[in-house]
Amino acid sequence: MSWVLIAIVALPLLAAALSLVDGWRVARAVTVVAAVATFALAIVCALDVNQGHTLQTGHGWMRLDSLGAVFLLATGLLYAVAAVFSIGYFASHRDEHGFVAYSRRYHVLLNLFGWSMVAVPIAADFGTLWVAVELTTIISALLVAIDRTDASLEAAWKYVLIASCGLGIALLAIIFLYAGGTAALGDAYVPRFQRLLGVAGGLSDDTVRLAFVLALVGFGTKVGFVPTHTWLPDAHSEAPAPVSAMLSGSLLAAAFYAILRFFQVAVVSGNRAFAEHVLVVFGALSLVAASLFVLRQGNFKRLLAYSSIEHMGVIALGVGFGAPLAVAGALLHVITHASAKGLAFFGSGALLRRYDSKEVEDIRGAGSVAPFSGPMFFAAALALCGLPLSGVFRSEFQIVTGGFAQPAYVGVAILIVFVNVAFFGVLWHAGRMILSAPDGETPSGEVSWWMVGGMAACLIVVVALGLHMPSELSDLLANAAQRLRTPLA
Amino acid sequence: MPTLPDWAVQILQVVTVLCAAPLVSGVIARAEAVVQQRRGPSVLQPYRDIWKLLHKETVLPGSAGPLFRAAPYVSFAAYATVPLLIPVLTSFPLPLAYMGDILAGGLILGLGGFAVSLAAIDSGSPYAQLGSSRLRTFGALNEPIVIFVVFTVALTTHTDLPYALGETLRSSATEVVRPSHLLVIAAFFMLLLTETGRIPVQSHGSTLEFGMIEEGRVLEHSGPGLAFLRWGSSVKQLVLFTIFLNMLVAPWGLAPTGDLGRVLLAIALLLAKAAAVAAAIVVIESSFAKLRLYKIPEFTVASFMLAVLAVVMFLFGPDFGDAKLTVFGAFATITAVTVLLLEYGMLRSQDVWEQLRLYALGSAAVAGLAIATAADGHGGGELYVLGGVTIALKALLFPLGIRFVLRNLEVDARVPSSMGVSSSILLAIVLSAFAFVSLRGVALGSEPALPLSALPVAVAGVLVAFLLMVVRPHAPSQLIGFLALENAVSVGSLVIAPGLPLILALLLLFDVLIGVLVFVVLVQYLAIERTAVRTDVLDRLTG
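Keeping their order, the protein sequence lines are chains A and B. Be aware that the first sequence starts at 1, since it is given in our numbering, and climbs by one per residue. Be aware that the second sequence starts at 1001, since it is given in our numbering, and climbs by one per residue.
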């Protein structure tokens, strides 16, 4: 089965190369095919590893276990849908001057971005993991800047600067961990996860704690943990909508995945309580700050960006609570948040194309102006608030239940209160956009059915996960949660 | 060979300094001329000048009083007294050595300068008074620097007697490469440049009265008085060299007994060591420009900050414990301190080209560390490759490539700063102290042979690099800050994880390469679309 891993990394790279050589029609077709195939392969992998089996290539540089598979699924889903959505998103610009070059740049970068994010959960050692995460940063920075407007350049510059600094700190974390491992593994070794987990019991507490905190701060910069989140709303609001969806749904999660690998080491070395505590603090801080920012946002893409920070806080809290149910819920939240936030950003892109504005004030009566994308955007808002029927409800409910079981009452109280604050903010703004009376100036109708199709795919995933959890997926999540609780078993 | 009595050696110390001092000045002047492709004066020229002046008549300004007439002799006497107190030739204390500690030595040197300044005021000449007041203004920080330098060394030795300081260093070479001591050396060296009137503070031998500081003070003197002032200032220079060498940097090669042969050898070695310092000064004088007058305090403040940082590092910094000194350990510590100091330099610099040069220097130091690590037997031969790639990429390709792009874009090379230089350096010191404090008690559980003292310095480098990016709203400068950050991380990685497999190290470098490319693309966009690379105007997106 290890060929799947190679194929899953090779496909987006191949697509990027093909997008380079030919015109935009070929590029977008190749991108869609590669992205959908990547998602299919991700599902194949996930089905294979959901009982605790691991996939590994012969030389050992690529490895996928159930924990990685969760993140691979989220990435694969958004990559595939974003590829489809992009067709519609750029359709109205087809006749513009310079579109051919723009489209080539966009497709090459989109495929490279997908490739780098797919590589994150497949990396088998801390070094490659860091390289992959850094690649996601620098490639996506170019995607953020692709419009070359004042605002997008500002966003890209802040993003690449802040995220690179964060990753510098994360690199320091890896080096500390590496140095800790030399006592047992010798001077020169490849810092594979399994190998380090094997000797983690003998690492000094200082090493592990230092590495974990540095990793949390460093990779946490990319996750969007407060207070190093400042790049996030800018980048998410200025990137093209499909890119925003991938940033929010899978890039943030990929960085969180890197933290989880450090978390595993902390657990094995007996520092589980410390690591959970730190995660809860960062999670709660992000949740509180972001939900307050959601209230006062006038730009709906920034609103969604702050909502992403809030949801990353929820995930961190879920892992930090430590109960098996909460951890599994947090991992499920990675997938449900990816699909719901993907839907929301796609919806925002559709509205942006219709109204040509990112301000909540300018969007009036979207429910009737855009008969499909308007309501679907509203559905996304409802899902992000964690209303029942959506998968987000299921995952948040699991996290809360797990938190009560632990018991971690303070954390759960913060979670419930501030998720409701965000609920109020998102719903109020979304309601004003969708349910109000049309302004009468904007022509009604959908801009492109490709966009509607992409959104529908996300909506199906969101609702399906809310109505019925496939047993394969719950096995995968349970197994991944098990890997976080007892990594060596 | 016969053994000299202690009093004879003591006299010989003074005589050596008095006789050799003009030679050192002459050697520096000649070497500078050669570097600048001139023939230059003979190395004996200072002696001839003094001889000539001694035979000239004295012309006094109308307003000159006894102060003016006495000053040359008072200052000369002061400078000639100090060699009694410091270890010039012997490693054992001579009879009069305990007359005063190092602060007394400093005060006596100060008295010499004070007398000349008073005479300058007494002369009534505006240029002399200007030089005098400038020297007092800029030199205000010199005494605190000396005090901090002495404190740092005295903290180890529990005394500030010059012979005891040298003795402690001699007892263990580890003391010399202690990070705090390296900073002390750097601070004292900068003080040396200020006190001897060298570039970047003043240009030696300039004839333009307006730019003069030290030489301006003696404009009104003539005849034997001027001879003694000239001689005195070269004596002061050699005294400072001797303090620098025999107490801070290399207290080796001194005579352990009064044996004549050993004493003669000590004289030869002192001259050789002084020649090495002279060479460093020649390099600095030939490669830097004189600072503008109002920038000089920045230089002295920087030196003062280094001395403060040294104390902070000593108090909060890593503990050597009983770790034995290895060449590798020394190299690692020196590299880490170099990289940190270069970052301080970038923090000070207002010029993007200079920042690029400092970065290239830092990269070369990192590459050197990689090669030294390999030579020490770590990481197989792979680190040689890494060192080579580091030089190619970080010391050559990045700086040259970035320079090429910036030249093409015709960006403004002046780097604005959102904070004053002194306050940003002060902040950098606070950050460095924070790094030392937070890593002080950390047990990494690795073998004690590792030069762990370099690690907190590297982490301090990471934090200072952050500061660099924060206070400079200038895109290329922020890119250089990021690269400096990467250099600091590299030092940390070489220090605690020298065995990191080459393939991973190369992957990391490759990643940095791509990162730099993307940064450069964005800088280009910024320069083209916004016609500026200022980043403090990037304030549209808030909330």
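Hints should not be assumed to be uniformly reliable.
Stated by the list, open to error - Straight-line alpha carbon distances no greater than 25 Å define the calculated DMTMM-like cross-link-like pairs of lysine to aspartate or glutamate that follow:
1. B/K1273 x B/E1285
2. A/K358 x B/E1298
3. A/K358 x A/D95
4. B/K1290 x B/E1382
5. A/K358 x B/D1539
6. B/K1052 x B/E1209
To be verified - Restraint-style ranges between C-beta atoms, simulated for each label pair:
7. B/L1396 x A/F99: 37 to 43 Å
8. B/R1414 x A/H277: 46 to 52 Å
9. B/R1407 x A/M469: 29 to 35 Å
10. B/L1396 x A/G23: 37 to 43 Å
These are computed hints drawn from the structure, not numbers from a lab. Every residue, glycine too, gets a C-beta built ideally from N, C-alpha and C.
Hints, one by one, checked against the model:
1. B/K1273 x B/E1285: OK: B/K1273 and B/E1285 at ~18 Å, within 25 Å.
2. A/K358 x B/E1298: With a Cα-Cα distance of about 48 Å, the restraint between A/K358 and B/E1298 is violated, given a limit of 25 Å.
3. A/K358 x A/D95: Status holds; Cα separation ~23 Å.
4. B/K1290 x B/E1382: The given pair, whose Cα atoms are some 43 Å apart, is violated under the 25 Å limit.
5. A/K358 x B/D1539: holds (18 Å)
6. B/K1052 x B/E1209: holds (23 Å)
7. B/L1396 x A/F99: 37 to 43 Å: Taking Cβ atoms as reference, B/L1396 and A/F99 lie about 39 Å apart, which means the hint holds.
8. B/R1414 x A/H277: 46 to 52 Å: holds (47 Å)
9. B/R1407 x A/M469: 29 to 35 Å: violated (60 Å)
10. B/L1396 x A/G23: 37 to 43 Å: holds (39 Å)
The structure shown violates the earlier hints numbered 2, 4, 9.
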